[in-house]
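Q: Same order as they appear, the protein sequences are chains A, B and C. If you read the first sequence in the working numbering, its first letter stands for residue 1, the second for the next number, and so on. If you read the second sequence in the working numbering, its first letter stands for residue 1, the second for the next number, and so on. If you read the third sequence in the working numbering, its first letter stands for residue 1, the second for the next number, and so on.
By construction, these hints were calculated from the structure, which means they are not laboratory data. Warning: the hint list may mix true and false statements.
Pairs of lysine-lysine residues, derived as BS3-like cross-links and limited to a Cα-Cα distance of at most 27 Å, are as follows [what the hints assert, rightly or not]: (1) C:Lys27 x A:Lys8; (2) C:Lys114 x C:Lys262; (3) A:Lys26 x B:Lys192; (4) B:Lys15 x B:Lys421; (5) C:Lys8 x B:Lys89; (6) B:Lys192 x B:Lys315; (7) A:Lys75 x C:Lys262; (8) B:Lys410 x B:Lys421; (9) A:Lys8 x B:Lys89; (10) A:Lys26 x C:Lys27; (11) B:Lys192 x B:Lys323; (12) A:Lys8 x C:Lys8.
Facing chain C, a subset of chain A residues (Cβ under 10 Å, in silico) [to be verified]: (13) Pro24; (14) Ala114; (15) Tyr118.
A few chain A residues that don't get close to chain B, going by computed Cβ distances all over 12 Å [to be verified]: (16) Arg33; (17) Gly74; (18) Glu147.
All residues carry an ideal CB built from backbone N, CA and C; glycine is no exception.
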Amino acid sequence: MSAPAEEKSSFVINGKSWSGAVHPLKRLLDTIREDVGLTGTKEGCGEGECGACTVFLDGQVVMSCMVPTCQAEGKQITTIEGLAENGRLHPMQESFAQEGGAQCGICTPGMIMAAVAYARDPGSAEDMREALAGNLCRCTGYIRIFEAVKKAMAK
Amino acid sequence: MASSEYTEVVVEGRKVRLRAPAAEAIPAYGAATRVVGTAAQRVDALEKVTGRAVYPSDLRLPGMVHARFVRSARAHARITSMDLSHAEKVPGFLAAIGPSELSEKSLKDMLGRELPILTEEPKYYGEEILAVCAETDDAARAAAREVRITYETLPFSVDPEERVRAGQFVGGGWTPTGPGRPAVYERGNVQKAMAAANRIIERTYRTAPNVHSSIEPHAAVASYEEGRWTVWESTQGVFAVREELAAMLGAPLLSVRVIGTHMGGGFGSKVSAGKYTFIAAYLAKKLGRPVRCVQDRSEEFVSPYGRPPSVVTIKAAVRPDGKLLAIEQKGIHAAGPYGFGAEWGHAEDMAAEMYACDNVRTETYAALTHTPPPCAMRAPGHAQAAFSLEQMMDEIAREIGMDPVEFRLKNLPARDPVSGKPIAVPRGSHGLAECLKKGGELFQWKKRRKETRDAPPPRFRRGVGVAATAWSAGGGPPASVVIRIHADGVAELFAGAADIGTGTRTALAQIASEETGVPVDRIRVTNADTALTSYCLPSYGSLTLASTGPAVRRAAVACRRQLLSIASDILEAPEKNIVLAGGRATRPASRKTPESSVPIAKLVELSASREIVGLGEREGNPDMSIRSHGAQFVAVEVDTETGTIEVTDLVAVNDSGRVINPTMFKSQQYGGVTMGLGMGLTEERVYDLETGRPLNPNLTDYKVPTILDQPAAFQAVPLEVPYDGNNLGAKGLGEPPIIPTAAAVANAVYDAIGIRLAALPLTPKRVIDALHPPESKP
Amino acid sequence: MDLLDLMKSSIRAPGRLVNLLTIDELKGIDVDTSGATIGALATLAEIADHPDLARMFPALALAAGHAATPQVRNVATIGGNILQRPRCWYFRMAQYPCLKKGGDTCFAMDGENKYHAIFENSLCAMVHPSNTAVALLALDAVVRTAGSGEIPIRKFFVTPDQDILRESALAEGELVTQLFIPATGARSHYLEFRERQSFDWALVSAAAAAELEGQTLNNARVVLGSVAPIPWRIDLGEIAATDEALDRAADEAVRGATPLAKNKYKVQLARTAIRRSLRELARATE
């Protein structure tokens with residue numbers, strides 16, 4: 001078994017440039033959590049089945065466990081830690097807090113990323129559900145999450 | 001209400017009656033509360049929505065290394081060789097532990113049955129054989145993959161019925177019997193009652209194996225320094241983990257500190273120390289470095305396991321006027337090869353407890369299958385039992401032409417039929433009756449029932465169904481809580497209880513705020529840390545709030561008295577005239593004097609101790625059967641051409657006494673019902689019978705509900721039937737919402753298509769096979 | 001994505017991987033009067049949201065929109081989607097040395113086969129998992145490759161009888177570069193039935209296409225997904241757009257099904273899928 005070959009990798013994460021040596025196939029999720037050191041992005045399944053690791057890659061929601069780090073080269077990444085601006089929470093974060101959208105909280109960062117993506121191009125209630133259909137939550141039954149997104153959109 | 005005065009314990013074979021500590025009674029809340037009963041925001045909401053909340057799986061300690069298991073690829077085998085030479089060559093490999101090194105170590109279940117940590121004779125697919133440790137998690141996985149194992153395959157069976165036929169079973173439940181004998185409960189004379197009855201119905205129901213599927217996998221990080229372990233664990237119970245881990249390590253209790261502040265879901269699966277906990281702690285000492293042991297999603301399907309499958313044959317006799325005469329039940333459930341955890345599979349209690357019935361006999365067979373040991377999963381036993389019992393109630397009600405709601409109302413027990421204790425409800429009221437009536441009104445049960453009955457059968461058929469539940473949820477001791485109010489007016493609340501996502505931290509803060517007047521956002525809750533908080537049971541069995549909450553109130557009342565005493569002197573008013581709220585002590589205006597007030601911070605500053613400390617302990621419960629009740633009403637639309645069942649409308653009513661926070665109360669209802677819908681419609685761990693392997697150990701093929709699977713109309717209704725058995729008037733709510741859901745859906749499906757679906761989950765396949773039997777021309 | 005999944009499950013262990021995402025020539029969607037040219041790296045989200053595709057080839061846009069979840073659709077490419085390996089739990093578990101992995105048994109044949117094939121299943125009972133392949137086959141697409149040039153999609157998917165180790169006619173090292181869908185004026189529709197509304201594979205899917213003349217569907221065809229090792233095309237020719245005729249056609253189309261012990265229900269689903277997708281085309285006539 002050969003030693004993993006690390007290569008220089010660089011991208012912009014939450015507005016800051018980052019570069020480091022990682023294996024090109026290292027999951028972006030692990031690079032974010034271990035190398036960049038941001039653990040707000042969670043691992044629920046590691047195989048693209050739960051959405052807990054959802055981040056923005058060049059503005060689009062993706063599951064960071066299914067993106068090899070080499071495919072993020074030179075791109076813009078936003079994680080849950082990058083949503084607040086000037087110390088102020090994103091309205092979606094505020095709404096999740098107020099409406100009880102987080103229970104155990106492990107799916108919450110990914111869910112909020114999906115909700116923020118929806119908020120940029122909102123549609124019907126059905127579209128809202130569709131936008132959140134890539135994120136599993138085992139605690140809430142989704143009702144409070146749905147309400148939280150609705151409230152945030154009404155603001 | 002008086003608490004029971006004594007607990008009976010056994011000391012060196014001698015029965016001793018321990019007196020309950022004398023405590024001044026604090027009556028349950030009156031109608032008017034300021035903070036309790038409001039939808040306060042979660043105290044940890046900001047941490048959670050910003051990603052700052054650190055879960056055990058997030059921890060990265062300096063020098064930390066990673067452990068992974070090598071698991072059995074056979075359902076039953078003897079290991080003939082293990083070759084580690086390739087694994088040892090993986091860069092970063094540090095250590096491997098095999099079964100011989102841990103031959104003396106085991107996990108113990110609640111009844112003392114044992115489970116080896118590592119084994120040379122795996123008895124189920126996925127059983128742990130080795131643990132390997134490496135510098136990185138990737139290297140640990142690679143090393144685990146490189147271990148070469150050869151097996152001598154042994155006979156096995158994953159089918160519980162087959163195992164019972166072969167005599168391979170023990171008795172299930174909480175009073176287990178030895179091998180080859182079922183657990184039997186009996187009252188009255190079922191045989192005689194059945195012989196005399198002319199309306200008897202019998203049917204066999206099957207529930208599928210379910211898996212908790214918490215979004216955070218099982219995780220532990222352990223460090224060892226100077227003879228002490230610190231363990232960060234995703235757990236429902238830090239004290240249980242401490243006790244079990246210390247025992248396994250052969251170390252003094254206080255050499256282990258367990259911290260479980262945030263955890264990403266448990267649902268019963270994180271009640272005890274796991275093999276991963278032990279391995280992390282053991283390796284931390286052995287290697288002198290912090291060790292992280294986190295499971296993969298696929299491992300979540302074997303360790304720990306979840307709700308085992310059940311096969312329940314239930315027979316009931318009824319009088320034409322609706323009086324339930326007799327229930328006879330034979331239940332089989334998978335219990336894994338060791339019997340370990342068999343108590344979590346029993347599907348019997350509910351048939352004996354739920355309704356007034358003079359003649360009941362149940363038999364439980366815990367089949368020794370080559371499947372992972374069962375594990376508590378939200379409403380263990382009851383969720384399975386409700387599927388058979390509550391469909392049977394529907395069926396016999398229909399048999400005698402009675403409305404299933406009326407039928408249940410007619411058979412409600414005033415006393416617990418098993419213990420004989422009175423059911424803790426006010427005179428002339430019954431929690432379940434209230435739930436059924438309220439739910440029926442909101443759902444428009446009578447009207448809709450008639451509508452579906454009259455409707456012609458088009459391609460889509462509609463139906464409605466109801467099912468009910470009762471769950472013992474009084475909570476109780478032990479729970480000790482400390483509240484410290486500091487000179488800046490900030491209070492610290494120390495409680496051992498884990499917040500498993502239900503909002504425990506917040507509810508406790510609300511209770512403390514109610515008495516002390518310190519606003520919720522000025523209360524810091526420290527919980528689930530064995531070094532900082534006092535002992536309590538794990539957060540399971542719907543007991544957390546009803547156990548720890550009253551202790552918090554008692555601690556808060558102790559603080560309140562001290563604050564009032566000082567405030568009374570400063571404000572020159574009797575204590576009873578002073579209001580503690582909003583961070584101040586206030587004497588309202590009277591005819592003679594204007595309002596005056598003083599900050600709580602000031603009171604603390606002026607106190608002799610410069611800090612107000614209150615200690616609260618949980619008092620005992622009244623000697624009664626304390627139950628949380630619930631009823632669910634469901635409307636479905638069945639597409640007879642595709643077999644798809646859509647739940648269009650659902651009303652869930654739950655009585656758990658006093659509601660501390662309505663947002664969180666309803667969230668428990670929404671979440672529990674949703675898990676019930678998963679159990680009812682989509683969730684099934686599928687085994688390959690030829691090899692005994694689970695075929696769908698992932699969240700694509702094991703189908704937990706998504707946001708698109710929710711009913712279009714979903715009402716969660718809290719019902720506060722007065723209860724005065726503890727100083728909150730609150731009972732537990734975690735499990736009740738999941739219990740009746742699958743049965744309510746199945747009852748609605750029967751109403752729609754006239755066929756009783758007796759096996760879970762109710763998939764399109766099952767509906768199509770029922771409507772177009774495979775034998776006939778499709 | 002599928003490859004990463006297979007690597008994680010130890011089904012594949014490639015020595016070298018090539019990241020295609022840096023090749024811009026493989027991206028983009030162009031639609032003109034002759035038809036649609038879709039780069040192999042066009043994502044399912046781009047396809048689902050493309051207004052011209054939705055107008056001209058609704059079956060494809062619907063199929064892409066039904067796949068997986070929003071996050072997956074943002075990164076999953078059409079090229080990758082049609083080249084997914086079998087969705088069979090025996091294939092997906094390293095412990096089963098099945099025919100598809102060079103072994104000598106199909107474990108699904110007498111095993112847990114409720115999701116398996118009901119057609120062309122005598123050797124291997126896998127089902128082809130791609131939604132978009134079903135639509136592309138109904139729309140008579142052409143697969144363009146760097147290699148042999150053009151492969152009509154009817155010849156692109158191979159049955160286990162033809163080659164047990166592969167699902168496509170691509171040669172070793174041959175790369176899908178584009179898909180071309182000719183504009184024929186045919187109407188099309190796509191639907192699927194599943195157990196769960198997201199994160200799920202279809203139990204049965206169907207793409208139907210036909211040209212319309214009055215009350216008649218001409219050159220009508222339905223392609224079923226998740227019923228066979230390849231997208232399962234049924235040519236119906238000229239057919240009256242009445243419920244009775246369509247029902248008869250549906251009954252006829254599933255007559256040759258050879259369901260296994262646990263998937264007889266899929267025959268009923270297939271019949272319903274054919275009927276409903278064709279009715280949808282007929283409804284469009286009004």
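Q: Each hint should be assessed against the structure and marked as holding or not.
A: Right, here's what the structure says about each hint:
1. C:Lys27 x A:Lys8: holds (26 Å)
2. C:Lys114 x C:Lys262: holds (5 Å)
3. A:Lys26 x B:Lys192: violated (70 Å)
4. B:Lys15 x B:Lys421: holds (22 Å)
5. C:Lys8 x B:Lys89: holds (20 Å)
6. B:Lys192 x B:Lys315: holds (14 Å)
7. A:Lys75 x C:Lys262: Violated, because 47 Å separates the two Cα atoms, which is more than 27 Å.
8. B:Lys410 x B:Lys421: Holds. Lys410 of chain B to Lys421 of chain B sits at ~19 Å (cutoff 27 Å).
9. A:Lys8 x B:Lys89: holds (26 Å)
10. A:Lys26 x C:Lys27: holds (24 Å)
11. B:Lys192 x B:Lys323: Roughly 16 Å separates the two Cα atoms, so the pair holds.
12. A:Lys8 x C:Lys8: Holds - the C-alpha atoms of Lys8 of chain C and Lys8 of chain A are around 23 Å apart, at most 27 Å.
13. Pro24: holds (8 Å)
14. Ala114: holds (7 Å)
15. Tyr118: Nearest chain C Cβ about 9 Å off; hint holds.
16. Arg33: Given that some Cβ of chain B is not farther than 12 Å from that of Arg33 of chain A, nearest at about 7 Å, it is violated.
17. Gly74: holds (24 Å)
18. Glu147: The claim is violated: Glu147 of chain A sits with its nearest Cβ about 10 Å from chain B, within 12 Å.
Checked against the numbered hints above, the structure breaks hints 3, 7, 16 and 18 and satisfies the rest.
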